[in-house]
Amino acid sequence: MRPRLEERVKEEWVPEKVCLKKIADLCEANKTVDGKLGSPVKGQKGKRSSHEQRVAFHEDIIVAIIGTVFKQQPEKPSILLELSEDNPMVPVVPKQKYISDKDYILMEDETTRVRLVALPGCGLVVDEIVNGLVCAVKGKPTIDGKFEVADVIWATPKPAPELKLKLPMEIEMIFVSGLMLGEPGSEESVFVDLLFQYLEGLAGSLKEQSCEIAHQTRVFFLGNSLWRRSNLLAESFSDDLIKNAKTLDSLLDDLSKTMEVFIMPGKNDPCETMMPQPAIHKCIMPKSSRRKSFHSLTNPTRLSMGFPAGQKLDMILNSGENVVDALRNSSLTCPLEMSRRILQWGHLCPTSPDTLPLYPGCSEDFFIINGTLPHIFAVGNQSKFDVIEWNLTKIVSVPEFSKTYSAVVLTKDLEFIELNFRAMLK
Amino acid sequence: MIKTDDLYLDNLKEFVYDDKKVVTYKFLSVYLGVHVNLAKQMLYTFREREKKAGKKIYSLLYVSGLTSKGVGSQDSDDSPGDDGLIEKHIILLCKDSDFDAIKDKFSKLLSVHVYCVSSFPIEDYASLQSIVKKPVEINEQTPSDFGPFTCNNDLKPNNAKVTVTTASDPPPPKVKEEARTESKEPEPEASKKPPVKVQNQSKSKNFFGTQSQAHGSSGSKSVTKKTPNQSSIQSSMSKMKPSVKTEKTPVTGGSKNGNTTSAGKKHQQGGKSQQKSRKRIRLNSDSDSDNAESNKIASVFTSSEDEDAASDDSQESPQSKRKSRIVSSDSEEEIVEEDITSPQDTVTEESKVNVPRKKRVMKTIDKTYTDDEGFLVTKKETVVVTDPEDSNTEMECDVKPEENKPKNGTSPDVVKSMEHVHTSKEQKSNGVPAKKATGLFNGKTTASMFSISTSFID
Numbered sequence: 001m002r003p004r005l006e007e008r009v010k011e012e013w014v015p016e017k018v019c020l021k022k023i024a025d026l027c028e029a030n031k032t033v034d035g036k037l038g039s040p041v042k043g044q045k046g047k048r049s050s051h052e053q054r055v056a057f058h059e060d061i062i063v064a065i066i067g068t069v070f071k072q073q074p075e076k077p078s079i080l081l082e083l084s085e086d087n088p089m090v091p092v093v094p095k096q097k098y099i100s101d102k103d104y105i106l107m108e109d110e111t112t113r114v115r116l117v118a119l120p121g122c123g124l125v126v127d128e129i130v131n132g133l134v135c136a137v138k139g140k141p142t143i144d145g146k147f148e149v150a151d152v153i154w155a156t157p158k159p160a161p162e163l164k165l166k167l168p169m170e171i172e173m174i175f176v177s178g179l180m181l182g183e184p185g186s187e188e189s190v191f192v193d194l195l196f197q198y199l200e201g202l203a204g205s206l207k208e209q210s211c212e213i214a215h216q217t218r219v220f221f222l223g224n225s226l227w228r229r230s231n232l233l234a235e236s237f238s239d240d241l242i243k244n245a246k247t248l249d250s251l252l253d254d255l256s257k258t259m260e261v262f263i264m265p266g267k268n269d270p271c272e273t274m275m276p277q278p279a280i281h282k283c284i285m286p287k288s289s290r291r292k293s294f295h296s297l298t299n300p301t302r303l304s305m306g307f308p309a310g311q312k313l314d315m316i317l318n319s320g321e322n323v324v325d326a327l328r329n330s331s332l333t334c335p336l337e338m339s340r341r342i343l344q345w346g347h348l349c350p351t352s353p354d355t356l357p358l359y360p361g362c363s364e365d366f367f368i369i370n371g372t373l374p375h376i377f378a379v380g381n382q383s384k385f386d387v388i389e390w391n392l393t394k395i396v397s398v399p400e401f402s403k404t405y406s407a408v409v410l411t412k413d414l415e416f417i418e419l420n421f422r423a424m425l426k
Numbered sequence: 001m002i003k004t005d006d007l008y009l010d011n012l013k014e015f016v017y018d019d020k021k022v023v024t025y026k027f028l029s030v031y032l033g034v035h036v037n038l039a040k041q042m043l044y045t046f047r048e049r050e051k052k053a054g055k056k057i058y059s060l061l062y063v064s065g066l067t068s069k070g071v072g073s074q075d076s077d078d079s080p081g082d083d084g085l086i087e088k089h090i091i092l093l094c095k096d097s098d099f100d101a102i103k104d105k106f107s108k109l110l111s112v113h114v115y116c117v118s119s120f121p122i123e124d125y126a127s128l129q130s131i132v133k134k135p136v137e138i139n140e141q142t143p144s145d146f147g148p149f150t151c152n153n154d155l156k157p158n159n160a161k162v163t164v165t166t167a168s169d170p171p172p173p174k175v176k177e178e179a180r181t182e183s184k185e186p187e188p189e190a191s192k193k194p195p196v197k198v199q200n201q202s203k204s205k206n207f208f209g210t211q212s213q214a215h216g217s218s219g220s221k222s223v224t225k226k227t228p229n230q231s232s233i234q235s236s237m238s239k240m241k242p243s244v245k246t247e248k249t250p251v252t253g254g255s256k257n258g259n260t261t262s263a264g265k266k267h268q269q270g271g272k273s274q275q276k277s278r279k280r281i282r283l284n285s286d287s288d289s290d291n292a293e294s295n296k297i298a299s300v301f302t303s304s305e306d307e308d309a310a311s312d313d314s315q316e317s318p319q320s321k322r323k324s325r326i327v328s329s330d331s332e333e334e335i336v337e338e339d340i341t342s343p344q345d346t347v348t349e350e351s352k353v354n355v356p357r358k359k360r361v362m363k364t365i366d367k368t369y370t371d372d373e374g375f376l377v378t379k380k381e382t383v384v385v386t387d388p389e390d391s392n393t394e395m396e397c398d399v400k401p402e403e404n405k406p407k408n409g410t411s412p413d414v415v416k417s418m419e420h421v422h423t424s425k426e427q428k429s430n431g432v433p434a435k436k437a438t439g440l441f442n443g444k445t446t447a448s449m450f451s452i453s454t455s456f457i458d
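Quick note, the sequences are listed as chains S and E, same order. Reading the first sequence from the start, the letters are residues 1 to 426 in full-length UniProt numbering. Reading the second sequence from the start, the letters are residues 1 to 458 in full-length UniProt numbering.
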């Protein structure tokens with residue numbers, strides 16, 4: 001991400017004569033006159049990169065540094081703290097939020113780190129950002145060895161290319177998430193059944209079938225399609241899960257006969273729980289996997305959906321854990337806003353591997369949003385349906401089906417509509 | 001046809017009154033083998049009749065419509081921020097009696113029909129739950145078989161490298177629409193046979209990304225016609241006035257058409273009942289000799305590197321091995337729709353299939369000999385003569401020699417990778433090929449796993 005940031009810094013800040021430096025370059029300038037020091041515009045400031053953090057104070061020196069923001073959160077659950085506690089028997093209550101007033105941020109690059117002090121209005125609000133973001137900050141070192149931030153640039157990908165689509169489209173797509181098949185409780189199965197009936201086109205009058213449902217040819221299951229009693233490994237092979245998987249398989253098999261099915265794993269699904277999650281394996285869905293109209297996606301996924309007449313819709317889908325986790329580390333409460341930030345930050349799972357388990361050993365970072373922004377960013381397993389548009393990208397939060405009995409339909413006009421299932425029964 | 005209708009309705013009566021069941025249209029459709037829309041109509045007719053006759057009949061209605069504000073003021077789940085401008089599509093199950101009250105809340109009603117009927121009122125979820133929990137399946141047919149929609153749902157070839165993440169060659173979306181148009185029209189002739197012909201060369205190619213086909217290009221080659229036994233429905237279908245969509249994509253199906261036809265004969269796959277088609281193929285082969293069956297299976301898998309596809313050694317315990325072969329080949333059988341481009345000569349790991357469909361004549365020759373270590377080795381060579389190219393060369397597929405003595409079970413043999421055809425020829429004297437190949441196989445799977453795992457996001 002550094003190259004991208006450097007580019008942007010050059011574009012935006014260099015005209016202001018801001019110099020891009022590594023933090024270690026901000027070393028104590030005893031004399032350090034390397035010619036540049038004299039000028040008030042460019043300069044090197046510094047602190048010793050070892051343990052002394054002294055910064056020579058120079059007015060008017062504005063520097064830019066690029067690095068990863070590390071947010072020190074005392075409230076964040078730490079296994080070390082738990083182990084070191086004297087009273088290990090105290091049950092740990094899972095916290096809703098890991099933030100507190102005692103948080104502070106550091107910036108760390110390849111050389112060393114420096115504590116940041118965010119000036120108000122700089123765009124770097126300590127409460128809102130999460131751990132692990134890469135950005136470029138502009139500012140100057142302060143007298144006490146910190147770095148004052150005046151402005152910040154995120155590694156936002158370029159906006160999505162203009163969608164030259166001929167509306168109305170001919171295809172509609174449906175997004176469902178959080179199906180939680182097999183959840184005990186009698187209501188769920190009725191609605192799931194209703195959903196599948198709708199998807200398969202069985203329900204509805206002739207007119208609706210031909211006008212509406214006929215165009216709905218793709219359905220995306222964004223995570224958590226199965227219900228699991230708990231995520232413990234010991235229970236992962238429980239009979240329940242197997243039974244539910246079989247049910248889901250036959251349901252999807254049936255569904256695949258009539259439309260294209262894309263399924264993505266979530267936290268609860270019988271799949272690797274660490275991000276990025278690989279696609280649900282064929283063995284788990286033996287019947288459906290045979291079909292060509294069934295596709296198993298990884299989590300997260302970037303798809304390029306084709307439409308008739310050669311149009312392509314670029315979509316990023318994920319099952320929502322990254323957003324939920326990021327929300328825990330930030331003072332924001334709206335998942336949609338957090339999703340927007342995620343796009344802005346240019347990284348899909350900023351909090352991993354910190355609070356979100358990440359698969360170790362990957363040589364590259366898969367979560368960086370390369371290229372341009374997608375046209376659609378769908379986040380699953382949220383509490384309710386909502387959609388905003390930002391930078392030509394439509395961000396939609398797909399509600400959890402098991403709680404809201406709602407799915408989301410992307411209509412022919414590229415609008416999102418909530419599809420809600422109800423029954424007037426007790 | 002009126003008689004049949006009556007018959008159906010009588011059936012329905014039985015269910016409702018005698019069995020005290022809650023009859024949903026799905027169940028009725030599958031039970032009677034009729035189209036779902038017909039089933040809905042039947043339920044409606046039945047309900048009307050019974051009402052007229054003064055009997056107590058309760059039903060749940062399926063109501064679908066758009067609403068600008070939350071429907072059902074009973075539900076308090078509308079967020080206060082719902083300013084009434086957000087349109088929701090609501091699908092509601094409501095009781096007969098409540099319908100009138102509810103229908104005003106919709107700004108636009110899309111459809112209403114009977115969802116189920118019963119002789120007792122349905123008040124809570126529990127009674128419904130018992131019905132919906134178990135998916136309706138009779139004779140392996142599910143309600144979607146009687147639904148109006150179908151799409152190209154061929155089985156994948158087994159070696160599909162499912163790198164679905166980059167769906168840059170998106171599956172043609174037109175298929176479903178097409179299929180719908182077709183299936184809706186009452187087709188008398190189709191009623192005689194189960195649906196036929198699903199080929200989608202272009203689609204499979206798209207899927208493999210071997211072609212840079214334009215997405216959405218000309219959709220599928222053929223349209224899956226899903227018409228369940230329509231003989232009884234024909235008359236009633238006329239009532240339905242299906243709306244026919246005029247757009248049909250030209251049936252191009254890609255350039256590799258030559259191969260498709262022959263495959264078409266072999267792989268008559270219906271939208272439903274892959275089992276049926278499978279059985280059909282099996283039947284065909286059963287009628288021939290064992291060799292022929294193995295030939296057929298072999299022909300499915302043929303490629304130069306494919307050595308294990310051909311049948312087992314018929315001399316030793318043919319039954320057990322063949323059964324296992326059938327099992328494995330069944331799943332792989334319908335695969336092939338060709339995929340021509342995947343090169344015949346290069347070895348791809350799972351390339352068991354990817355065979356151009358050409359007319360072939362296969363001759364099987366048995367060769368038995370004793371090798372160095374004293375194992376009695378029988379080798380079955382199947383030589384394939386193809387039409388356009390009458391060569392015996394490329395299509396020659398050798399079977400790994402089955403060793404008489406150690407019967408290491410069928411699986412390692414079946415699973416052997418093809419690429420070491422030549423090397424194995426030399427090594428057939430030892431038991432090494434077995435291990436080596438399996439080792440290779442294992443290695444390959446991991447490699448493939450890695451390749452999948454690294455293609456998360458592009």
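It is worth saying that the hints were derived from the structure and are not from the lab. Careful, some of the hints might be misleading.
Claimed, not checked - The calculated DSS-like cross-link candidates involving lysine-lysine, where the alpha carbons are at most 27 Å apart (straight line), are: (1) E:K108 x S:K384; (2) E:K95 x S:K207; (3) S:K207 x E:K379; (4) E:K88 x S:K394; (5) E:K88 x E:K51; (6) S:K384 x E:K105; (7) E:K51 x S:K403; (8) E:K105 x S:K243; (9) E:K108 x S:K207; (10) E:K13 x S:K384; (11) E:K108 x S:K394; (12) E:K88 x S:K207; (13) E:K13 x S:K412.
Evaluated hints:
{"no.": "1", "hint": "E:K108 x S:K384", "result": "holds (23 Å)"}
{"no.": "2", "hint": "E:K95 x S:K207", "result": "holds (22 Å)"}
{"no.": "3", "hint": "S:K207 x E:K379", "result": "violated (62 Å)"}
{"no.": "4", "hint": "E:K88 x S:K394", "result": "holds (18 Å)"}
{"no.": "5", "hint": "E:K88 x E:K51", "result": "violated (33 Å)"}
{"no.": "6", "hint": "S:K384 x E:K105", "result": "holds (22 Å)"}
{"no.": "7", "hint": "E:K51 x S:K403", "result": "violated (37 Å)"}
{"no.": "8", "hint": "E:K105 x S:K243", "result": "violated (40 Å)"}
{"no.": "9", "hint": "E:K108 x S:K207", "result": "holds (13 Å)"}
{"no.": "10", "hint": "E:K13 x S:K384", "result": "violated (43 Å)"}
{"no.": "11", "hint": "E:K108 x S:K394", "result": "holds (26 Å)"}
{"no.": "12", "hint": "E:K88 x S:K207", "result": "holds (19 Å)"}
{"no.": "13", "hint": "E:K13 x S:K412", "result": "violated (42 Å)"}
Of the numbered hints stated above, those contradicted by the structure are hints 3, 5, 7, 8, 10 and 13, listed in ascending order.
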